[in-house]
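Can you build the whole structure from these sequences, using the hints too?
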Amino acid sequence: MIGARCHLGFMLLAEAVLCAAATRFQDVLSQGSTSPVTSYRKLQGWSSDQNKWNEKLYPFWEEGDPRWKDCWKGGRVTVKLDTDSPALVGSNVTFAVTLQFPKCQKEDNDGNIVYERNCTQDFPVSQDQQVYVYNWTEWIDNCGWENCTSNYSHNVFPDGRPFPHYPGWRRRNFVYVFHTFGQYYQRTGRSSAVFSVNTANITLGKHVMAVSIYRRGHSSYVPIARASAIYVVTDKIPVFVSMFQKHDRNISDSIFIKDSPITFDVKIHDPSYYLNNSAISYKWNFGDGSGLFVASSPVVSHTYTLQGNFTPNLTVQAIIPVPCKPVTPTAPLPTSAVMTGASSNADYSITVESVEDIPDEGCHIYRNGYYRNGISVVEGILEVNIIQMMSIQMTESQAENSLVDFVVTCQGSLPTDVCTVVSDPTCQVSKSVLCDPVTITDECLLTIRRAFEEPGTYCINITLGDDTSQALASALISVNGGSSPGKTEGVFIFLGVLAVLAAIGAFVLYKRYKQYKPIERSTGQAENHEGLTAYLSNFKAIFFPSNTEKNPLLKSKPGIV
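Note that the sequence shown covers residues 120 to 680 in the working numbering.
Watch out, some of these pointers could steer you wrong.
As the list claims (entries may be wrong) - Calculated pairs, DSSO-like style, for lysine-lysine (alpha carbon to alpha carbon, straight line, at most 27 Å):
1. K365 x K402
2. K355 x K325
3. K365 x K377
For the record, the hints were derived by calculation from the structure and aren't laboratory data.
Nothing here was measured: the structure is a model prediction, and the numbers come from that model.
What follows is the structure in structure tokens.
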């Protein structure tokens, strides 16, 4: 009797030793990190990392193990793990895994790995015959994979659960095992995989998602890559605000112009559409004493009338409908947990906290998001006007190009540079761009001289700018041909009195349209009037030659740009 008891005790001790020595998911998937034994809320579809890991079918190699060099033909496979974090608690956070094969290798439609054709390699590849890196289809067909006794045990995950047999499952030759929050999730896939996790039972803060990838082998699965990524769960709505202003030169410097509206566009980061059925309001305080502004639209405009530094504040509130169910009591959770991850030799010290949501009487919960940012408001260039356009009379030796002077004024600050863009009559195709620095010390008034090589109709865009702003004026102009003064003068002598009358008419029209007005006629209409414009300009040049320095608008100008 005593001997039997001793034998039984020895067996129990041996079993305890074996259990203690068994490899668990935590040992394989922690990637060198440590985590205290603690209680976690269960994630739907996930399992505890204290389960046993089948190391015979899925061997585990430490980083630096020489076997990593031979785990894949032709080089080492790398993996990229991306996430759409941060995630609002209760929403889904999505992870995307992508395998990157060695040079000239890719996955074909059957899930096999092949060499790309017409790709430089260490050895030539036939153009008529496909060369495989791994022909898993041939392995399966030769054995009738699911019916082959020796290989039937291969169709299981590391914890012994069988692969799901959905359509195309045999073309999924990779096994992905994910690990976070003390739990693991396993699935088969091809060279990429995407999956989502609901964050309702994940505590707030930063967490590490780790993944280990195995490929199909003859007698077991072979580890090929590991990766990890940090994701964030928060009870604050992730909010991003972009600001736009019409005359702002650099939208990223947070410097804007007074007396010009600024557009605030609010973007809520909600990739899983968790807030789709929520009532969302936007409460603005622009920091200039204008008071509180509440809007239902994510896009608002505000105009600052004073210069200075301001801090716009935004509060986004979402009223989220939830099921009206009583809260099920749960075991108390630790207020914090520390997880240290060893990815890329880096340690992550992570503090998390839990959140309890109790719906109100209307079966809603409330979430807020906040945004604030300092901006500077300065005086900028608000408006540019072309008040006069004049053709410059040239000698016969200078008649290769037609010169036109544009007299330009602006409102606001003084410009430091001017750019002229000459385009076709539709203002769509640019022909030339010319920029010059300018120095103005008093009044915003300058003359811009530009040369035109050929006669025709052109769209002119003149932009004045300073360090923080810029403004644009446009015009449609018809440029004359380069007929010499001698020929023009002979024609008008022959015409006699008719030329005098036409010149007087040109002078009257010139005085009447001296103040620039936007041209609204179409391109066709501009071309129909091109001849008349040319004759009237020649009449004015001969009978009323003008000196630009005598023009009252240019008295204060140091020169012509």
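For each hint, the structure was consulted:
| no. | hint | verdict |
| --- | --- | --- |
| 1 | K365 x K402 | holds (24 Å) |
| 2 | K355 x K325 | holds (14 Å) |
| 3 | K365 x K377 | holds (12 Å) |
Taken one by one, the earlier hints all hold for this structure without exception.
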